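*Asks:* The primary structure of each chain is shown beneath.
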Amino acid sequence: MRPTSGFARALTIGVAAAVVVLALDSAVHVLMAQNPFGGPRPSAEPQVGGIVGWLLSKQSEFYREMSSTIRAAKSDGSAVWTLLVISFAYGIFHAAGPGHGKAVISSYLIANQETAKRGIVLSFASALMQSLVAVAMVGICAVLLNATAKTMCGAEKAIEIASYALIAAFGARLVWTKGGGFIRALQAPQALPVMALAASAPHDHAGHGHDHGHHGHSHPHAHVAHRGHEHHHDGHGHDHVPGHVHDEHCGHSHGPVPSELAGPGGWRRGFGAIFAVGLRPCSGAILVLVFALAQGMFWAGIAATLVMGLGTAITVATIAVIAVSAKDLARRLSGASEGGGALIMRGLEFGAAGLVLLFGVGLLFGYLAAERVTCL
Amino acid sequence: MNNFMRGLLGLLLLAASCALGAGAAQAHPHVWITATSELIYAPDGSITGVRHAWTFDDMFSTYALQGIETKTKGVYSREELASLAQTNVESLKEFAFFTFAKADGKKEKFQEPVDYFLEYKDAALTLHFTLPLKTPVKPKELALEVFDPSYFIDFQLDDKNPIKLVGAPAACQLKIQRPSDGTANAQKLSEQNFLSGDNSNYGAMFANKITVDCP
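In order, the protein sequence lines correspond to chains A and B. Read in the working numbering, the first sequence has 187 at position 187, and its numbers run on one by one without any break. Read in the working numbering, the second sequence has 1112 at position 112, and its numbers run on one by one without any break.
Read the hints as simulated data drawn from the structure, not as lab findings. A quick note: this is a predicted structure, and the numbers were derived from the prediction, not measured. Using N, Cα and C, we set each Cβ at its ideal position, and we do this for glycine too. One should not assume that every hint holds.
As the list claims (entries may be wrong) - Not everything, but these chain A residues come out facing chain B in the computed CB check (under 8 Å):
(1) L56
(2) Q59
(3) S60
(4) S67
(5) A125
(6) N146
(7) L279
(8) S283
(9) G284
(10) R372
Pulled out of the complex, with its shape left as it was, chain A reads as follows (with noise of 0.2 Å):
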């Protein structure tokens, strides 16, 4: 039976996995088939590049206007509003686009057993640190200093370095906490290893009912939490390591209630996420106010800054709030049985923890292409 077992269990986790992704990738094309903007929904069969192209020409456009509505404000006033509009409909395009901000809260989240509602807490705050970071730099190269854009560039390329080392350190940190967690799920004794496959069948939902209703709803994954609970404190030593951005809950595997969020040190936890995310400005924030300093309409290009974070906020709070249900959803699948259940679910964190390390390192090492930098 054993290597049945093992068999059962990696193909209930590439379910759980393959819903993940799936919902992530899907997220995109979603939000894109739902966009306020009037965009016309795409027919039965969506051609998926018919969307990316059309969200390409989008941005462009919105982008385009940007120059020509802050040259129009200088004579008359009402082009801010315009200005504004045009700001957060390309904030909300721009990161629809899958890109590293998203992808590393998402991960994060994912790993770190986080709740909705704190995945839009840190979207937010890593799109609006996002955007004081451009004006920031904005104002002291060039409204300070009188900074050529080489210089500027330079800046730039040294803040995405250093946001890019933040970002797989973060990641190499939730490596080490949740591969302690994956681990010790591992050696556990695992109870009734058949029914991790039988409970990731959708089709035995209803012969699960009771036990869904009992771990999903009133105790959620209960037994999940405690086994998490316990093994962090084994391993309590380890997550001392320099950087540490986690208080003691870090590692405690169930999900936070209200209380706890406004605990002292509860907002504290995604400091790590917010700032390795939110330290790289976006190029296009930068050209804006570039341009809006020159056109002596600085103000309104931190203002369209602000509103383009905020455009930006919505779209990963989105996605962020979609990884997270699929978690959910992942976890009440794998949750009928004890311990393939939490076995997956550490194996799921263990796996986004990585993930937040591949995209630090491929970051780094440019494997993997962000936004390039405006050095011309």
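Go by the hints and put chain B onto chain A.
*Replies:* Quick look at chain B alone, frame taken from chain A:
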């Protein structure tokens, strides 16, 4: 356990490939260039190089001019822009000058750019530079593409006479394919492109293709 680890590895690979595909999809242009180019021929009918004139959009032009001191505000002389032109051509080197030439199907290389300068007119900067071919060629068919593979820069050929043949044999025929007018054999975006991770040449869909046939 082995099977389990294999499953996990599969998960990571799957996720990584998604991430790789995601990288390029993020790209959308931040800089727009309106290009005109000249193909320069030697008296014997061989092609010696390409002379570009690239006009940047007003947002990027303004960005590039940030911090450049001038005698008269808003007026930039060629000398005042010399250091920026130098920066431009140095940066462009990293991207192979976004200029890709094939002579009878064989890739041709370019030397360092010469005769480069910037011009400021109507709130836009125009970068002029000449790319000499490493070795002059006399092919039956020359194919020239101008595009940014990562699509950070959008290249548009100018509406009127974007390509000139300077000193070409009379029999040579010029053909231009623009990405927007549907004549370009642009590779259709498909989910496959985005998930396969093969996006290194993503911007090729937006390439301007120029072919010169000299029988």
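*Asks:* The structure should be examined with respect to each hint, and the outcome stated for every one.
*Replies:* Here's how the hints hold up against the structure:
1. The criterion of a C-beta within 8 Å of any C-beta in chain B is met by L56 (chain A), whose closest approach is roughly 5 Å, and the hint holds.
2. For Q59 (chain A), the interface hint holds, the least distance from its beta-carbon to any beta-carbon of chain B being 5 Å, beneath 8 Å.
3. Hint on S60 (chain A) holds. Least Cβ distance to chain B is approximately 6 Å, under the 8 Å limit.
4. The restraint placing S67 (chain A) at the interface with chain B holds, with a minimum CB-CB distance near 4 Å, inside the 8 Å limit.
5. For A125 (chain A), the shortest C-beta to C-beta distance to chain B is roughly 21 Å, which exceeds 8 Å, and the interface hint is violated.
6. With its C-beta approaching chain B no nearer than about 5 Å, N146 (chain A) sits inside the 8 Å limit, and its interface hint holds.
7. Taken as an interface hint, L279 (chain A) does not check out: its beta carbon lies about 17 Å from the nearest beta carbon of chain B, beyond 8 Å.
8. With its C-beta approaching chain B no nearer than about 5 Å, S283 (chain A) sits inside the 8 Å limit, and its interface hint holds.
9. About 6 Å separates the beta-carbon of G284 (chain A) from the nearest beta-carbon of chain B, less than 8 Å, and the hint is met.
10. Interface restraint check for R372 (chain A): the shortest CB-CB distance to chain B comes to about 4 Å, inside 8 Å, so the restraint holds.
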